[in-house]
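S.K.: Build the full structure now, drawing on both the sequences and the hints.
Note that the protein sequences, when read in sequence, are chains A and B. Numbering follows my numbering, in which position 174 of the first sequence is assigned residue number 158; successive positions increment by one, without gaps. So the mapping is simple: my numbering equals the position in the second sequence, first residue as 1, plus 156.
No lab work stands behind these hints: they were computed from the structure. From a predicted model like this one, the values you see are computed outputs, not experimental measurements. Beta carbons: idealized from backbone N, C-alpha and C, even for Gly. Among the hints, a few may not be true.
Said to hold, decoys possible - If the Cβ cut is set under 7 Å, some of the chain B residues that face chain A in the computed set are:
#1 VAL175
#2 GLY176
#3 PHE180
#4 GLY183
#5 MET185
#6 VAL194
#7 ILE203
#8 SER281
Stated by the list, open to error - If you want the ones that stay clear, here's a sample from chain A, every Cβ over 10 Å from chain B, calculated:
#9 TRP(-5)
#10 VAL2
#11 SER19
#12 GLU33
#13 ARG39
#14 PRO71
#15 PHE100
#16 ASP103
#17 GLY140
#18 ILE157
#19 LEU162
#20 PRO165
#21 LEU187
#22 GLN209
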Amino acid sequence: MSTRAQLFCAWCGVGFLVLFSIGWWFIAGYIPPMSPAMSAHEVAAFYQENTGLIRLGMVITMFSAALSAPWVAAIAVQLKRIEGESPALTYALLVAGAVGVVVLVVPPMVWTTAAFRPDRDPELIMLLNDFAWLFFVMTFSPFFIQNLVIGLAVFGDKSDVPVFPRWVAYFNIWVAILLIPGGLITFFKTGPFAWDGLLAFWLPFAVFFGWFVVMFPLLLKAIRQQGLPAEPA
Amino acid sequence: MSTHSAGLVSAKTHVPGEVGIWVFILGDMAIFGLFFFVFVYYRGLNIDVYLQSQATLNQNYGALNTLFLLASSWFVAMAVEDMRSKVTRLAPRFFVLAMLCGLGFAVVKIIEYREKITAGITLTSSDFYMYYYIFTGLHFLHVLIGMGVLVFLWLKAKSAVQRKGELPIADKAKEMMLIESGASYWHMVDLLWIVLFPLLYLMK
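M.R.: Right, dumping it as structure tokens:
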């Protein structure tokens, strides 16, 4: 069996991380995140001073987001190996992953809308900026389900040579729980649970990145294992 | 004598449950550790305001819940011990008692939340209550997951009693591993509360 397409999809996950970092972090400069306590004029000034970089960064960010689709698909193929004829968790992963792409594509489009006419009313720029940040940091639910169903599927792996080691199940459920604090940012403008806070932004952000780093080699290993010729009975 | 010392050695090197549960437990405790560190840091910057808010907490609820969780942890430990040696009818009963304690914790917590919310104290009332609601809320989520885990352990214990504990050694080891993993998780839920309780309710 050829697993070349799966390997390509798995590498798309790396492409996502790299391009996303370049566009969102290094070019547009959204890290460290701007404070939700900033005034409308400060927010507008950010867009007026960095107009070109934000526009360019958001093109790259928007493109990179869709690379998470093949990545999720590669994990789904491995989950399907675990689940066999009743792949409910696999389908849940695919649906959640598809929604995840939307969650990653929409905020760059809103940020770039703010940078489209940076000379407009600062209040309106702040509105767009708020919308993009809230959409981006608060929407943990599809990623929560994504990690949860991976965890549940790995728990259900009863085969002699499991697709993923069992600790991966615990790891994914741990990650799922850690994404939850992002949902609290709607209540705060300052402090650790604001959208630029340690516990609502930095922690879930680091965990989300770390999840890719941990899952990537495990996924490659699982794909290679699948590609091995079956042992003669 | 030799069997006795062999038992000692294995007791010393035995890590309860499977490796994965410790990935979760240590990971989770590290995160709660970070939470507590953040709380203590910001509290130190503005201690009087935090103490004012803290004074409006009802320590009895916190203390009662500490007793509930300590008792439930003890019941779980007794059940695991029973499963490990004789497998009597006591094991599932201990798990039921542990669940009842967990339920007691949940009821007290809900009463406490209700009381605070009807008094107009919410997540955004003060920094102290922000931490109070978020930390106890996340802990409460762990308790709810733990109740599911206890139901699972209870079912395992019940089926073990029904077949009188007789199982091939490999299967028995696997069963014990699952039971110890679940029990370890529940002990962690207890431990987190034992840190949360003094941190939020008592620390002066």
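S.K.: With reference to the structure, classify each hint as holding or not holding.
M.R.: Hints and how they fare:
1. VAL175: holds (6 Å)
2. GLY176: OK, holds: GLY176/B within 7 Å of chain A, min 3 Å.
3. PHE180: This interface hint holds because 4 Å falls under the 7 Å limit.
4. GLY183: holds (5 Å)
5. MET185: Violated, because the Cβ-Cβ distance from MET185/B to chain A comes to roughly 11 Å (cut-off 7 Å).
6. VAL194: At about 5 Å, which falls below the 7 Å cut-off, the nearest Cβ of chain A leaves the hint on VAL194/B intact, so it holds.
7. ILE203: At about 16 Å, which exceeds the 7 Å cut-off, the nearest Cβ of chain A leaves the hint on ILE203/B violated.
8. SER281: violated (11 Å)
9. TRP(-5): holds (26 Å)
10. VAL2: holds (26 Å)
11. SER19: holds (16 Å)
12. GLU33: holds (32 Å)
13. ARG39: holds (36 Å)
14. PRO71: holds (23 Å)
15. PHE100: Correct as stated: the minimum Cβ-Cβ distance to chain B is 34 Å, above 10 Å.
16. ASP103: Fine: 35 Å to the nearest Cβ keeps ASP103/A off the interface.
17. GLY140: holds (13 Å)
18. ILE157: Since the minimum Cβ distance to chain B is about 7 Å, ILE157/A lies within 10 Å and the statement is violated.
19. LEU162: Answer for LEU162/A: violated, closest chain B Cβ roughly 6 Å.
20. PRO165: Given a closest Cβ separation of 7 Å, the condition is violated.
21. LEU187: Not fine: 7 Å to the nearest Cβ puts LEU187/A too close to chain B.
22. GLN209: holds (19 Å)
In the structure shown, a violation is registered for the earlier hints numbered 5, 7, 8, 18, 19, 20, 21, in ascending order.
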